[in-house]
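Colleague: Next come the chains, spelled out residue by residue.
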Amino acid sequence: MEKNTRSMYFVPGNEPKMLQDAPVFDPDAIVIDLARRVPATEKDSARILVKEALQFLDYSNVEVIVRINPLSSEYGLKDVETIAPVKPNALMIPKARVEDIQTLANMLSGIEQAQGLEEGTIKLIPMIDSILGLESVHSIINASSRVTAAFLNAEDLAADYGSKRTKEGDEILYARSKVSMACRAAGIEVIDTPYMDINDSEGLEMDTEKANLLGFTGKAAIDGRQVEAINIVFDASLRQAAFPQAHTHI
Amino acid sequence: MKNAVGVELPEFIEGYGVVKPFAGAFAGYGQVQKAAVRLESVQPGKTKLLRSIDEAIEKVNLRDGMTISFPSHLRNGDHVINQVMAVIAAKGIKDLHIAATHIFPIHELLVDYIKRGIVTGLSASYISPGAVAKAITKGYLKNPAVLRSHGGRPRAIESGELHIDVAFIGAPTADAYGNINGVQGKAACGTLSYGIADAQYADKVVAITDNLVPYPACPIEISQEYVDYVVTVDSIGDPHGIVSGTLSVTKDPVGLRIASLAAQFIDEAGYIKDGMSFQSGAGGTSLAVTAEVRKRMKEKNVIGSFAAGGVTGFIVDMMNEGLFRSVFDVQCFDLKAIASYRDNPRHQGMSGSLYGNPNTKGALVNNLDIMILGATEIDTEFNVNVITGSDGVIMGGSGGHNDTAAGSKLSVIVTNLIKGRLPIVKSKVTTVATPGETVDVLVTEHGIAINPRRSDLIVKLKDSSLPLVPIEKLKEMAERLTGIPEPIPFSDEIVAVVEYRDGSIIDVVKKPLDTGGCKPRN
Amino acid sequence: MLITKTAQAGSTVKSDVLITVSPSETPGIHLELKSKDVILKQFGKQIEKVIMDKVKELGADNVNIRAEDKGALDYTIRARVQAALERASN
Numbered sequence: 003m004e005k006n007t008r009s010m011y012f013v014p015g016n017e018p019k020m021l022q023d024a025p026v027f028d029p030d031a032i033v034i035d036l037a038r039r040v041p042a043t044e045k046d047s048a049r050i051l052v053k054e055a056l057q058f059l060d061y062s063n064v065e066v067i068v069r070i071n072p073l074s075s076e077y078g079l080k081d082v083e084t085i086a087p088v089k090p091n092a093l094m095i096p097k098a099r100v101e102d103i104q105t106l107a108n109m110l111s112g113i114e115q116a117q118g119l120e121e122g123t124i125k126l127i128p129m130i131d132s133i134l135g136l137e138s139v140h141s142i143i144n145a146s147s148r149v150t151a152a153f154l155n156a157e158d159l160a161a162d163y164g165s166k167r168t169k170e171g172d173e174i175l176y177a178r179s180k181v182s183m184a185c186r187a188a189g190i191e192v193i194d195t196p197y198m199d200i201n202d203s204e205g206l207e208m209d210t211e212k213a214n215l216l217g218f219t220g221k222a223a224i225d226g227r228q229v230e231a232i233n234i235v236f237d238a239s240l241r242q243a244a245f246p247q248a249h250t251h252i
Numbered sequence: 026m027k028n029a030v031g032v033e034l035p036e037f038i039e040g041y042g043v044v045k046p047f048a049g050a051f052a053g054y055g056q057v058q059k060a061a062v063r064l065e066s067v068q069p070g071k072t073k074l075l076r077s078i079d080e081a082i083e084k085v086n087l088r089d090g091m092t093i094s095f096p097s098h099l100r101n102g103d104h105v106i107n108q109v110m111a112v113i114a115a116k117g118i119k120d121l122h123i124a125a126t127h128i129f130p131i132h133e134l135l136v137d138y139i140k141r142g143i144v145t146g147l148s149a150s151y152i153s154p155g156a157v158a159k160a161i162t163k164g165y166l167k168n169p170a171v172l173r174s175h176g177g178r179p180r181a182i183e184s185g186e187l188h189i190d191v192a193f194i195g196a197p198t199a200d201a202y203g204n205i206n207g208v209q210g211k212a213a214c215g216t217l218s219y220g221i222a223d224a225q226y227a228d229k230v231v232a233i234t235d236n237l238v239p240y241p242a243c244p245i246e247i248s249q250e251y252v253d254y255v256v257t258v259d260s261i262g263d264p265h266g267i268v269s270g271t272l273s274v275t276k277d278p279v280g281l282r283i284a285s286l287a288a289q290f291i292d293e294a295g296y297i298k299d300g301m302s303f304q305s306g307a308g309g310t311s312l313a314v315t316a317e318v319r320k321r322m323k324e325k326n327v328i329g330s331f332a333a334g335g336v337t338g339f340i341v342d343m344m345n346e347g348l349f350r351s352v353f354d355v356q357c358f359d360l361k362a363i364a365s366y367r368d369n370p371r372h373q374g375m376s377g378s379l380y381g382n383p384n385t386k387g388a389l390v391n392n393l394d395i396m397i398l399g400a401t402e403i404d405t406e407f408n409v410n411v412i413t414g415s416d417g418v419i420m421g422g423s424g425g426h427n428d429t430a431a432g433s434k435l436s437v438i439v440t441n442l443i444k445g446r447l448p449i450v451k452s453k454v455t456t457v458a459t460p461g462e463t464v465d466v467l468v469t470e471h472g473i474a475i476n477p478r479r480s481d482l483i484v485k486l487k488d489s490s491l492p493l494v495p496i497e498k499l500k501e502m503a504e505r506l507t508g509i510p511e512p513i514p515f516s517d518e519i520v521a522v523v524e525y526r527d528g529s530i531i532d533v534v535k536k537p538l539d540t541g542g543c544k545p546r547n
Numbered sequence: 013m014l015i016t017k018t019a020q021a022g023s024t025v026k027s028d029v030l031i032t033v034s035p036s037e038t039p040g041i042h043l044e045l046k047s048k049d050v051i052l053k054q055f056g057k058q059i060e061k062v063i064m065d066k067v068k069e070l071g072a073d074n075v076n077i078r079a080e081d082k083g084a085l086d087y088t089i090r091a092r093v094q095a096a097l098e099r100a101s102n
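Protein chains in written order, with the numbering used here: chain C, 3 to 252; chain E, 26 to 547; chain F, 13 to 102.
No lab work stands behind these hints, which were simulated from the structure alone. No incorrect hints appear here.
Straight line, CA to CA, 25 Å or less: simulated BS3-like cross-link-like pairs of lysine-lysine:
#1 K57/F x K163/E
#2 K80/C x K68/F
#3 K19/C x K46/F
#4 K48/F x K159/E
#5 K451/E x K26/F
#6 K536/E x K46/F
Quick partial rundown of chain F residues pointing at chain E, CB under 8 Å, derived from the structure:
#7 K26
#8 D49
#9 V50
#10 I51
#11 F55
#12 K57
#13 G83
#14 D86
The C-beta atom is built at its ideal place from N, Cα and C for all residues, glycine as well.
Sequences are here, hints too, so could you generate the full structure?
Modeller: Below is the structure:
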């Protein structure tokens, strides 16, 4: 990615008003969701809407990421065929496996060639949303040079191991640590799961601080109001990092 | 001839009179004259309490062609206009001019009276979208309607331009000798600001109440010295239509984003400081700006002088938190505001004239620092329309818009750049209510435009991180999304005259030609 | 593109448009556009053109199109027309 992605704002792909309003909140990236937040009966319509939106709306100040349906579903490949030609900055891949990343990388090369784009233009962001994905995160993120970030979806992940999500997030401490360290070791960005209570701004701030301390480089937002708070936390951490290092060595 | 905002006007408008073109927001100041008042003095022993509205209409000798006024804070709960007009219609009186403050959907009956020639003229500060607004737009009124601001209406009354023969004042509480208050009774509405000029200047004043109390009806807001007769009715208004239980800050993230940008702008412009004064509308986004301003005042430990305007519980809370020393109230918007106005001496009422009348020794708007306003449309000259929709149909009125914009040190328009498919920033507004020379800044979710006349603000914010853009750029952004709107065709028929607060004509509303929209294509 | 059945796409929520297409007995494209007056007066012709252009681009004919607009922008109108036509031709 061109710039640090502090905030990644998710919007449902089938709602025109949300698509139009998304850049207003000044997120670093928007994730247009064709998967979870689009019902099965609207997959076709949402896909076309997103294709049109990317060509019409002014997204010049944000990174545009489209969350496609899992490649194992009947929608995933169609999503890629329709969306990739209108040049999103990246595709987000749910239930990503190593072979999915490789398949997509090859497919995108073909589309890029056909569209006259430089190979590797469209990036891939695997979503870590299952026990299997978590335990193979290292292989997944290293499966292609197109992978420039990973996103931890703790809601689906916790559901996969039968845990209940809490505001404190102790139940995802291992997952957060594992994903963030794997990504930092690979030198890519790592985006934390969203804070689900959109009306709790203090909780959001604390949760974002925690993610920041655990090594995440950004956090997902599910409401426009969350974007600014997330940006502020990661900006503050950048400023702290700019301070001279302590002179004591251990 | 063209007025100072470039609107072409005739010399004379049939049913209105000689046109005084708008010559600039501050051209009307100087020596002024108030009208003399004619009244019937009351000697000891006379009673004022009458049995019915019918009897009151007989006593005041209401005749064809007169002007009757209905100052009201009862909003869409008002029962006074409908009850009085029903009696008047039954008595066969016609050709009346109604000098209202507000027309709401509840007043739909007026359409019938307009069609039957019982009502031939109408003036108001605000006409909400609905049947009456549509009827006026279609030209059903014999004479053009006249729209005046909250300050302009009392100015017109006090100068004699708007002479009222009989004022019918809805009184939430009254005694039999004509003392009135608005803070007690089942139709309590708080302040009675809009009716002060009517009470003082009308030839005859009739108080209509549904809560007659033993003498005296303290705390008195309009006193017996101005009131000729008192009539009791079952109900002057529906409390549910008068006030809202609670008004809340918008939940719309875009509205909140606009509010956050506006507050940051106000702060960076240096207006969040001790002694500041502040007013905002009660719309969701305006209220959100108030919430953001409150946050910044607390952070900076600022104590403001006063908050003003239509008052909500939110503003009351800010005063009680110590963020403002006082509140000036021209209309209570909710129950909390009414209770505060009744109980707290720092919660000060004000007449419409004190609020915004330019022909006084200083209206309160002159003391305002920050004013937050909405807009139906705004053009690249910063002229604002709050009168008509972009289809030319009446859906509002100046209210206090042009009064506060002219008086305040910083007038901020907050609005979405587009609403649905309609662009709000345009090359020309459909109807000018507030001249651009009194508007300082426009805040939208896509950027902030400072009026080039405010070079001081441009200099002050030159290093700001805020998304500052020329207003022309905002217009282009809006039109890129919506397309360029086709001009609405209008006839030459003037259906309403828009007076600026000083009584000059800033614009007229012409009857839109009925294009019928798009017909199904076969 | 052969329109064989009635189908819809879009919705009647704000900033969207509900497009209903169905086969027509008579040749041509039969368009019925509904929206607020204030939109029709200023944008009616533009919206009609966007719809007609999309229908022609996709090569549909002998079709009735009903558009119930809630303030949609052009890109949404194009997308919903395409989705409705694709659904009606399967």
